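Chemist: The task is simple: from the sequences and hints, build the whole structure.
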Amino acid sequence: MNTFLFAALCVAFSVAAQFLLKAGMSDAAIKSVLGQPLGVGSAITVFSNLFILGGFTLYGLGAVAWLGVLAQWDVSKAYPLVGLGFVFTIAIGWLIGEQVTITRAFGVALICAGVVLVGRS
Numbered sequence: 002m003n004t005f006l007f008a009a010l011c012v013a014f015s016v017a018a019q020f021l022l023k024a025g026m027s028d029a030a031i032k033s034v035l036g037q038p039l040g041v042g043s044a045i046t047v048f049s050n051l052f053i054l055g056g057f058t059l060y061g062l063g064a065v066a067w068l069g070v071l072a073q074w075d076v077s078k079a080y081p082l083v084g085l086g087f088v089f090t091i092a093i094g095w096l097i098g099e100q101v102t103i104t105r106a107f108g109v110a111l112i113c114a115g116v117v118l119v120g121r122s
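Going by the numbering used here, the residue at position 28 of the sequence shown is 29; the numbering climbs one at a time, nothing skipped.
Worth flagging that the hints you see were computed from the coordinates, not collected in a lab.
Note that the structure is predicted; figures quoted are calculated from it, not measured.
Quick reminder that beta carbons are idealized off the backbone N, C-alpha and C, glycines included.
Keep in mind that the hints are not guaranteed to be accurate.
[To be verified] Quick list of the computed label-pair ranges, beta carbon to beta carbon:
#1 C113 / V41: 41 to 47 Å
#2 L35 / I93: 22 to 28 Å
#3 A66 / I45: 25 to 31 Å
#4 G115 / A29: 22 to 28 Å
Modeler: In C-alpha cells, the structure reads:
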C-alpha cells in the first residue's frame, strides 16, 4: 500500500477514536459516575463503555499501523501528517454541530499549509 495512504488511514483511525471517546465520555452514566468520588467502580464504568473501548481500540490499531509508516519514512516527514487530523476533526465536528469559529478554521488552515510544506520537502 502507498505509504501516504497508510499514513492517512492512521490519521483517520485517530480522528475516529477521538469522536468515539467523546461519545463515551458524554454518556449519562459516565457523567454520573464522574460526579462522584472516583474509585475502582468508576474506572470499570468508564472503561467498559463500548464507545471508549472502541476509541482505545482504534488508537491501538492506528499506532500499530503507524509503525509501517515509520518503517518507510523519516519521522520528520511522517509526523506532520498527523496535523491532517485537525482538518478531519474540525470538518466532522462542524458536521455534527460543534461550534467552529473563523479563528479555529484559520488555525487549521495554517496547520495545513505547514503539512504541505513539509510534504514537499
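Chemist: Please go over all the hints and tell whether each is borne out by the structure.
Modeler: Do the hints match the structure? See the list:
Restraint check, C113 to V41: a C-beta distance of roughly 43 Å satisfies the suggested window 41 to 47 Å. Against the hinted window of 22 to 28 Å, the Cβ-Cβ separation of L35 and I93 comes to about 24 Å, which satisfies the hint. For A66 and I45, the hinted distance range of 25 to 31 Å is satisfied, since their beta carbons lie about 29 Å from each other. Restraint check, G115 to A29: a C-beta distance of roughly 39 Å breaks the suggested window 22 to 28 Å.
Hint 4 from the list above is the single one not met by this structure.
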